[in-house]
Amino acid sequence: MSMTNTAWRQGQQSKAARLGRASHLVGGSSGKVVNAEQTVALLESVIQPGDRVCLEGNNQKQADFLAQCLAKVNPQQVHDLHLLQSVVALPEHTALFDKGIAKEIDFSFSGPQGARLANLVAAGKIKINAIHTYLELFGRYFVDLTPNVALIAAEAADAQGNLYTGPNTEDTPAIVEAAAFKNGIVIVQVNEIRDTLPRVDVPADWVDFVIHAPRPNYIEPLFTRDPAQISEIQVLMAMMVIKGIYAEYGVKRLNHGIGFDTAAIELLLPTYGEQLGLKGKICTNWALNPHPALIPAIEAGFVQSVHSFGSELGMEKYIAARPDVFFTGNDGSMRSNRAFCQAAGHYACDLFIGSTLQIDTYGNSSTATKGRIAGFGGAPNMGADARGRRHESEAWVKAGREAQANPKHMPRGRKLVVQMVETFREHMAPAFVERLDAWDLADSMGLNNPPVMIFGDDVTHIVTEEGIANLLLCRGEDEREQAIRGVAGYTEVGMARDKKKVEELRARGVIKRAEDLGVARCDATRDLLAAKTVKDLVRASGGLYNPPSRFRNW
Amino acid sequence: MSMEQLKYNLPSKIQQTNRDAVLVGVTASGNCEVLLEKGEDAAHCSVDIQTSARGFGQIWRAVLNDFAERKHAGGLKIEIHDVGATPAVVSLRLDQAIEAWENQHGQ
Amino acid sequence: MANSFLEASARERVQAVCDAGSFQEILKPSDRISSPHMALLEQPVAFDDGVVIGRATLGGAPVLVAAQEGEFLGGAIGEVHGAKITALIAKAIKEKPSAVLLIFESGGVRLHEANAGLIAVSEIMRAVCAARAQGVQFIGLIGGAAGCFGGTGLIARCCDVLIMSEEGRLAMSGPEVIETVYGVEEFDSRDRALVWRVSGGKHRYVMGDIQALVADEVDAFRNAALAALDSGKVGFDLENLEAEHAMLTQRLEQFGDCRDAKEIWQRLGLPSAEELALMPADEFVRATDSARNVARGTR
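Chains as they are written, first to last, in this note's numbering: chain A, 13 to 566; chain B, 72 to 178; chain C, 4 to 302.
Isolated chain A (complex conformation) (with noise of 0.2 Å):
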């Protein structure tokens, strides 16, 4: 018998037929570059039934030619995928399972096609293994998801198959290197194939075939939000935060999950952060998407880095005219890693801030509403306590002992997670409720516990506009279920408070109302607002911001 035990090369093996099989279709000095006419018959030529694919869907860049593609191929022939994808974005992600052609899914994040998802699950075509947050996807790709054949996006390619991704690599990376060493087909959809890169972000090694797409990849400007619909309620919780918890902890290293309410806290740093005096003191150092509402607070000399999970469209020359800021190659252009961000908003910041749909009263947050199946995105692992920290900050250390009942207890630090949300949303959906809708979505989604963006044990502030519940601070379950109808207002939840223990409350400082705060609602207007208009980011970045045409009126 051989000692070449074929028995333990199954992977180089299926490899080498696959490429075999699409040896045809290939041409260019490389051998790797396929004609885009050719797409279809390249992915049912090296796509197996029953593989796990990933198809990368981003929270921004989409590999959007190859999922069409895809969406093509003959049902028969290629079948009953296992989708492994951060976001299902496109009407093309759910046709696969409409067609057969995928039937089961591991994603973490679905908006666009929430609803889509739900009917399909409704009508037994798709089977959702499980939502995950993305950090927990790509970890799962290296352990027991990984992907048989990575469809990618990236902005170039040279003659080689070097690729160029540049401000959007996202979560490129973490795809291409569990697909390309464990015997995995790497497929490239590009924008251009050039002579030169500016940069390599990923080497030619490591990628099976590149496509020039006929269009370039869709990209979604998710990230930017107009000063003009900031309200004056939103004016008066940020102001709140910026007092209430950045200063009161020296808040410096921070992540804010997207929304109008953190857009408020952005654009009031350079007014009333300044007038505070906490330049320097708080907000210095992001883990965050180079949201516009950013502009003024990095031109007024607040921030001093910012590492992006991706980037966002209309951004690309100011980040590349304030390389002191953003992580920026030899090339000019911004590199985003959505892993390393990611990994960076969990262990290297000491606050995560966002907003959500429900709050229960232990504090449990959840987004998840009846008829649509969305997941989190990023935010379980933001908004999470980093238990495996180990180095101290001022407000890493400061909020571990707040919260620290018994002094014999071994003492530990505690990261700030905040939920910051109104007490009533529109149309007078309250946002603080006794059960949270997520119970009732366990069965549909096949889970056995409900779906839950943040936990409650891990929630240590909320914000509304009734005040701060500091739950840190809070000792037993009934406290802390009075903290929160304290802060709940008028919703039935709020109303059902026990009146003088949340006086008692406010009394030890666990509840702030704005006026405890030193914060004077009449105070809270948009005039305090370093933008008011896109324009008026446009005019701050000094003319290097080009807001994608919906954002204009030029």
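No wet-lab data here; the hints were simulated from the structure.
It is possible that some hints are incorrect.
Between beta-carbon pairs, the in silico distance windows are [unchecked claim]: (1) C:Ile122 x B:Asn174: 34 to 42 Å; (2) A:Val212 x C:Asp222: 50 to 58 Å; (3) C:Asp222 x A:His439: 35 to 43 Å.
Restricting the straight-line Cα-Cα distance to at most 20 Å, the calculated cross-link-like pairs of lysine-lysine (PhoX-like) are [as the list claims (entries may be wrong)]: (4) A:Lys291 x A:Lys255; (5) C:Lys31 x B:Lys109; (6) A:Lys291 x A:Lys137; (7) A:Lys137 x A:Lys111; (8) B:Lys109 x B:Lys148; (9) B:Lys148 x C:Lys31.
Short derived list, chain B residues pointing at chain A, Cβ under 7 Å [stated by the list, open to error]: (10) Ile130; (11) Ala133; (12) Val134; (13) Thr157; (14) Pro158; (15) Ala159.
Using N, Cα and C, we set each Cβ at its ideal position, and we do this for glycine too.
Fit chains B and C to the given chain A structure using the hints.
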């Protein structure tokens, strides 16, 4: 769509009444306009509401009770045209109205 | 940071444009002169039916002023709203103030009130013409989010002087109406850049439809109104009417075949649309003044 009419009479600490009527806010979606005038009863604040968001009488009562407790509104009459403003917005408008009322010079 | 005219309410604009503390309202909200039509339709009403009218001074000179509240039904003109403005103008004929200030923010006729709204608009136009014939000057200010459209656009162009910010819009047919009637290839109402190119303050200034382009600041509007008091009055006579017609004829000759304001600007030798878009008001005025004279046929 039909409007709901609500009426409340709330005990409140006495307020100066020798002032001109004050209007804050606008009748627009998510907002309300609040007209503050001299009322009949020095010990109470009367409130008349016309709202397009039906069924929130309990919440109005709670919001107005808290307003009447924290501010001097006795002797005033308030009329509100509401188009689904949240309690946060309503409270803000009421406070803005009292502030504008008090900031006037006496007649 | 200077106070935005765009974000200010009608009442705030009146307070900020007129001399401080000089405004005295006629038909106060507490008079409750609101719309009987909206009440009948069980729709929300406004105490002042969405328009503030009264007396004030501007640089010490007596003025009558009306300001439309754009957030109430888009500032649309209903019977009572219109009657308030018409009555104000009748007062102007009697009292001969230095000017009537009209702060416009309106989508035009209030459709809920149907013919009553239409009649109200035409009565205002007739009143403006009658007052101008008696020597009363009308200064219009346009800078709100709802723009100045429909019948209100027609009223605005009856004023001696119009002052706009680039955020403001002035037109007759609204963008959605044009798209509905002529199709999206002719006019895509969701193309906001196109909408502002066609009806926005900057283009209106270049075309000579307005006399002043100012920054989105209440102070800037006030200063432009003060300047107009001194020099803005235009005689309401046949000579001026014919000059206006000549300007329009000339415009049609020069630009009738243009498909977009960009082409007009190009023909006038102006900087690129992108450059013009980012110029603040005073820089824009300097950059376009001579082209504006060409467009108006006043070389």
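Closest C-beta approach of Ile130 (chain B) to chain A relative to 7 Å, hint status
5 Å, holds
If you draw a straight line from the CA of Lys31 (chain C) to the CA of Lys109 (chain B), is it 20 Å or shorter?
Roughly 14 Å between the alpha carbons, so the hint for Lys31 (chain C) and Lys109 (chain B) holds.
Closest C-beta approach of Ala133 (chain B) to chain A relative to 7 Å, hint status:
The hint holds - Ala133 (chain B) has a Cβ within 7 Å of chain A, the shortest such distance being about 5 Å.
Any CB of chain A closer than 7 Å to the CB of Val134 (chain B)?
Nearest chain A Cβ about 6 Å off; hint holds.
Should the hint that Ala159 (chain B) touches chain A count as held when the rule is a Cβ pair under 7 Å?
Where the cut-off is 7 Å and the nearest Cβ of chain A is about 4 Å from Ala159 (chain B), the hint holds.
Please work out if Lys137 (chain A) and Lys111 (chain A) have their alpha carbons no farther apart than 20 Å.
9 Å, holds
Minimum beta-carbon distance criterion (7 Å), Pro158 (chain B) to chain A
4 Å, holds
The hint says 34 to 42 Å between Ile122 (chain C) and Asn174 (chain B); measuring C-beta to C-beta, is that right?
40 Å, holds
Quick one, are Lys291 (chain A) and Lys255 (chain A) close enough, alpha carbons at most 20 Å?
The hint holds at about 13 Å.
Honestly, do Val212 (chain A) and Asp222 (chain C) meet the 50 to 58 Å range at C-beta?
54 Å, holds
For the pair we were handed, Lys109 (chain B) and Lys148 (chain B), check the Cα-Cα distance against 20 Å.
Cα-Cα ~6 Å, so holds.
Measuring from beta carbon to beta carbon, are Asp222 (chain C) and His439 (chain A) in 35 to 43 Å?
39 Å, holds
Of the numbered hints given earlier, the model fails hint 6 alone.
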